[in-house]
Every structure is written in structure tokens, then in C-alpha cells.
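All chains, please: the whole structure from these sequences, using the hints.
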Amino acid sequence: MAENEDFNIEKHLRGLADKYCEGMPEDEKAKLLDRITGNEGNKKYSVFENRSENDPLHIVSDKGQKVYELSELSDFPTAEQLNEMEAEGKLLPNKKYVADNNKGWFEKIKQARHNKKFRQHQEREKRVEGIIKKLAGNDSKISKDLAKILDENETDLVIRIRNWKRPNASVAFQKSEGETKNKVVLMVSDKLFQGKNQKALVGFLAHEMSHVLDFGQRPDSAKTQYMDGAETFADIAGTQLAVNAGLDSRGFGKYMGDDYRKTKIEYNYTASGTFREETINTAYDSMVKVRDNEKTKDAKSQEGTDKKKERKDGLKIMELQGRDSQSTDRTASRPNQQTHLQGITLSNYRRTSDGR
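Just so you know, we're using this note's numbering here: the sequence shown kicks off at 49 and counts up by one.
What the hints contain is simulated information worked out from the structure, not anything from laboratory work.
Each statement offered as a hint is correct.
When the alpha-carbon atoms are kept at most 30 Å apart in a straight line, the in silico DSS-like pairs for lysine-lysine are as follows:
no.	residue 1	residue 2
1	K174	K229
2	K229	K192
3	K302	K343
4	K244	K182
5	K189	K229
6	K229	K67
7	K174	K213
8	K247	K310
9	K59	K77
10	K189	K223
11	K231	K59
12	K271	K182
13	K182	K343
14	K77	K181
15	K239	K310
16	K189	K271
17	K156	K213
Written out as C-alpha cells, the structure is:
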């Protein structure tokens, strides 16, 4: 891919979305792609309200879309911050308390509770890993690209369950430098494994893996650039990942919509919850239609193949029956010509000699 001076994040995101919306009617695809770069799907980030054009963080693409650095968002740590977090043990599983038999009963209860939570987190991390394998486990373009990026030879994937107060997920992507691997750290709230929030789990994970798809296919020089439309892209691409895996991501959209309707909170770096819900539902309907059409085509193709085979088998049977009929007619036409020769009738000899 071209270096930074030729890299346009808007074209990059639209290009990926166009590539992954396989088989979709052009008008439906265009409406989805426009959501990535439209005013509501790509909001003006508030950091620019008081910035001058001379500010190094004020980066503008050739179409005037605002682009900023990930360092402006605490949810997206830089490579240096990732290394610091790892050194401090923040990326490791929640540590077990050090056992001390001399401690009182209250400390022992706390330790038992923590150990139970630790085991529960390990089980949930395996569940997350299983869903990601499904998302990256089919022959679609988007799934193959994700599988390539997450290949063990290319990327170290770390999955951690976190005791967050809200259902959420976050991914930090550190692109490889030199001979090092990529590093993907996926953090998932344990609230997504509880009650009705579980319906949003697939969508959250598919959305975060779409960020991995985005950053994994950028040049090194553009690895920290961001625009609000990247969240809209991840909603669209995440829906495609889920549909291709036979999963449903609409629970994620519903969660976003319900959260906005309840709180009326709008975040600076992404569209409103209702806009995102509408985007996901629109993408899902179009993508399922394509999938079902493909299944219908495959079924009709298989049906045609089966019918051809039936006709071929039928003709073969008719041919064999015709040959048997000819043999019978030939014998029956000379019922009295049974000239005896060494105890064997001539008519029987003929049937035996040509294999009938």
C-alpha cells in the first residue's frame, strides 16, 4: 500500500467496505458507503473546535474530512502505552491474591471469590476466542482477510475479560515494526456475558475485529490516523463478518440504539446509537438477502445436477432394458430352431456366448 502522503483514510475505508459488501446491489451498497463519510456517520470531532490549522493534529484529507490521531482517544492506546500497560501487568489476566493461611476469614473469602472470578474469566476468554474463529473461518473475502491478519505467525492476539461497569469491548492494535509481530489486545466487559446483554456479544466482537481489518491493512505511516467514519465502517464490516459466519450482530445495534434512547449521550468519536442501529439493520437485511440468494442459486444448481444425473441414469436403465428386450426377442423369434449339439441347444449357446 502507498505511504502516508498518498494514503487517504476516507478512500481506504470506503474501498474496504466496497470490497466486503459482496454481491450487494450497487444502490444499496452506495447508501451504506455514504454512511461512512456522511455528516452523521463521520462527525466533526470536538478536538478541532479550538484548534488552528497550524496545529500538527489538524490533518485534513483532500476532500476536507477531518482526520485525527489515536492519541486523542484514551480508548486507543499508542504502541508506547501498550508496552507500559504490559510492563505494569494491566494486560495480563486478573491476578490471584497471594494465599496466606495466617490471614483471617474475610481475606480468605475475598481470595476464594477472586479465584472463582478468575476461572470464570478464563472460560469466557475461550468463548470469545471461539466466536472469533467463526468470524474468521469461512471462504468470504472479509473472513479470509481477517484470518490472514490474525494468523499466529503474523499477530499475537491477547483476549482479556474486564470487570467494567458497562457492556463494552475495546481493541488496541499495534502494527508490527521490523521483524516483530502485530499485537492485538481485545478487552471485553464481563457484563456482555450476563442476561440480555449476551445478545450483543457477537456484534461487539465483530465490530472490534473490523477495526483489526482496518488497521491491519494500512501502511505503517498511517497506523495512528483516525476518523469518526471508522466506527461506521466497523459496524458495516462487522455485520458482514457475522452474516458470513451464520451469526447475528443485530443485538449490538439494538443495544446501541436502546442506550442512546435511554441516556441521550452522544460520543465525540462516533455516530449516535440510533444511527448505528439503523446502519447495522440496513446492512444485515441487504447481506442476508445476498446470502439467501446465493443459497438459492446453489440449491437450484444442485437440483439441476441431480436432474441431469437422474436423466442419465434413466437413459442407462432404458438402454439396458432395451438390450435385454432385444435378447429376448431374438430367442423368441426362433422357438423351434433348437438344434441339439452335444447336449446343448443352439439358442442357449448364443445367449451364453455374448454374455447374456
